[in-house]
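J.: Listed below are the residues making up each chain.
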Amino acid sequence: MNRLVIVGAIVVMGTAAAVAQNLPWNNPGGAQGPAAAGSAPPGPAPTRDIGGIWDAGGAGIGARGMQTAPLTAWGETVGKTHHSGDGARMVPADQINDPLSVLADPGGFPRQLLFELRPFEVVQMPNKVLMLYMFEKRWRVIWTDGRQLPTNPDPRWYGYSVGHWEDDYTFVVNSNGTDERTWLDNAGNPHSDQLKVEERYHRVDRNTMELTVILDDPKAYTRPWTPRDKLKLALVPSSTDLMEMIPSASESAAVRSIYAAEAAAGKK
Amino acid sequence: MKTFCAWLLVFAVAAVVGAQDWNRAGLPDSAINAPKTKAAPAPKRDITGIWDAGGAGIAGPGHESAPWTDWAKQKAASYKPGNGPRAVYEADINDPLSTVCDPSGFPRLVMYETRPFQVVQTPNQVLILYMFEKRWRVIWTDGRALPNNPDPRWYGYSVGRWEDDSTFVVNTIGTDERTWLDNSGNPHSSELKVEERYHRVNHDLLELTVTLDDPKAYTRPWTPRNKMPLTLAPANFDMMEMICSPTEVMDFRKNISDRSNTVR
Amino acid sequence: MSRIGPFAAGIVVGEAARIIFFVVIVSAPVAAHHGTASFDTSKDLTLKGTVTDWIWANPHCFLKFDAMDETGTVRNWAVEVSNPTDMTKRGWARGSFKVGDVVTVNLQPVKNGAPIGRLRSVVLPDGSTLSAMGPAPAAAPPPQ
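Protein chains in written order, with the working numbering: chain A, 1 to 268; chain B, 1 to 264; chain C, 1 to 144.
Treat each hint with caution, since some may be false.
Capping the alpha-carbon separation at 30 Å, the derived lysine-lysine pairs in DSBU-like fashion look like this [what the hints assert, rightly or not]:
1) B:LYS254 - B:LYS75
2) C:LYS98 - A:LYS196
3) C:LYS111 - B:LYS80
4) C:LYS98 - A:LYS219
5) C:LYS111 - C:LYS48
6) B:LYS73 - B:LYS216
7) C:LYS64 - C:LYS48
8) C:LYS43 - C:LYS98
9) C:LYS43 - B:LYS80
10) C:LYS98 - B:LYS254
11) A:LYS219 - A:LYS196
12) B:LYS80 - B:LYS216
13) C:LYS64 - B:LYS80
14) B:LYS75 - C:LYS98
Derived by calculation from the structure, the hints in this document are not laboratory data.
Full structure from sequences and hints, please.
T.: Now the structure itself:
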């Protein structure tokens with residue numbers, strides 16, 4: 001009996017070592033279904049800690065776009081020029097003019113949170129919080145050193161962000177200076193460069209976080225609105241190597257020509 | 001009066017600091033070129049921080065390579081670079097990065113437009129966040145093996161380890177053959193193996209050496225970056241955004257490069 | 001082939017594509033993504049005109065302006081400089097020009113006679129000069 005136990009232990013240890021040496025690459029995340037149950041043993045939320053790799057599962061994708069507040073006249077005018085692949089402004093594939101999906105222009109911020117929110121890694125440092133996104137493989141810095149957001153900022157695709165702890169479990173981020181050329185979401189909802197974004201990351205317990213996103217853009221919308229309301233994020237193992245997911249202009253062009261060919265064939 | 005003057009000074013400093021807070025393009029040349037001989041000693045097993053190679057990182061004309069194999073000659077026969085020994089006229093360039101905005105990929109990210117980047121160390125990773133393209137890379141330090149026969153990625157697959165207390169060595173495979181190695185149109189195959197050596201010389205100075213081993217494309221390994229010096233930037237350095245957008249590139253081509261076709 | 005330093009620019013000359021390299025002493029290389037093949041680097045053209053557009057983008061920023069030139073007509077010129085990152089180091093910004101600004105531009109035109117070129121320096125309405133080539137200013141103003 002003892003020998004069996006020892007052999008069994010050796011086999012288990014050997015397997016564990018083998019697994020450790022050959023940890024999987026290219027994890028696609030849980031987009032095909034509900035967010036995976038968190039990876040750590042259950043436990044309370046650590047204080048002032050949102051570090052780790054987080055996955056919203058299928059709920060992160062946002063293919064249909066978001067329900068918005070009413071658009072202003074300016075917002076309506078701009079929105080009408082957006083011919084989207086899904087949602088309220090949906091058009092046939094060969095007529096889509098979404099700069100992200102058709103041209104591989106940067107998705108920008110806050111679209112990064114509202115569309116194709118795939119797994120992302122959060123790293124906390126003394127003066128900043130970094131967010132590393134699987135989608136587009138872009139990073140974002142949220143400064144926590146007390147600096148102010150710039151007044152009259154030069155627009156950036158991914159804006160400017162500062163953050164602070166509202167309490168021991170809620171990290172609040174404020175952003176401005178986003179580029180008007182980006183769409184808010186996959187339904188072609190517009191935004192202006194006056195947009196202010198608030199994100200609230202609430203660490204619920206060791207394995208769970210909730211993300212709330214509030215948009216305040218008086219030029220485009222008649223009131224603030226909340227496209228993500230306590231979106232559930234599950235902690236995934238820290239050894240997770242995320243698949244690469246990068247739109248490329250040449251691949252987008254190849255897809256475009258397929259749609260155009262299909263449309264032309266359809267018209268014959 | 002003293003208090004008033006003190007507050008005035010605080011506001012004045014804050015105003016100056018505030019103006020510097022966002023969108024830094026790089027360290028001034030004086031910082032890049034200053035000798036670092038009096039810096040504090042290198043911390044052990046620590047290459048964290050924001051590092052800037054200055055002008056040397058850009059490498060517009062590309063790198064002198066080892067001799068090409070026949071495979072490489074065939075692969076690069078259609079490459080029309082904008083700079084280096086095979087440069088063409090501007091209207092004819094077909095560099096997927098600069099004329100289309102396809103991802104620059106790896107190792108081009110460390111061979112061309114190597115702008116400031118931030119190195120972060122976690123218990124099982126070294127992460128590098130690049131100003132150019134605003135892309136990030138993960139280098140796994142948990143002992144995992146590189147994958148066998150990997151599906152190519154624009155930025156490859158990387159593992160890393162400490163060779164000694166001041167030298168971090170990274171090995172990368174599985175890069176995408178569509179990317180150019182550099183701005184002079186040197187090609188590579190998907191069998192390319194890249195070794196980076198990050199040597200922390202002292203507190204303020206890091207040296208990067210890149211060795212390429214691609215027997216399908218080159219007759220021997222070669223070292224395009226040899227102890228390229230990088231200067232430590234302050235921790236509050238907010239990197240300017242530097243992202244290629246296809247629509248902006250198309251606009252540039254329409255306005256300038258496509259119209260500058262030259263009399264031959 | 002001799003080793004090329006980071007600040008070299010190349011010119012392709014003639015059908016045989018013989019390469020002549022010269023080292024340009026610049027602090028931050030200009031127009032790194034391509035060399036000077038299309039430009040007539042021996043020509044030094046100065047034009048006064050009115051800004052019609054200023055594009056602040058990768059891989060090149062470019063300025064468009066209407067100017068009377070040697071053709072005797074007013075043409076819309078498009079002149080490139082380097083990318084926003086390099087130009088920021090030289091004190092340029094997205095807001096450096098407004099449509100309607102009267103500017104004096106010194107440039108290298110392209111060889112085929114089209115109203116296109118590479119900007120060397122420009123005098124702004126307030127009389128100050130922004131340069132795109134040569135050594136960067138010792139202390140560029142902080143970004144906005």
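J.: Could you check the structure against the hints above and give me the numbers of any it violates, in ascending order?
T.: Number 14 only.
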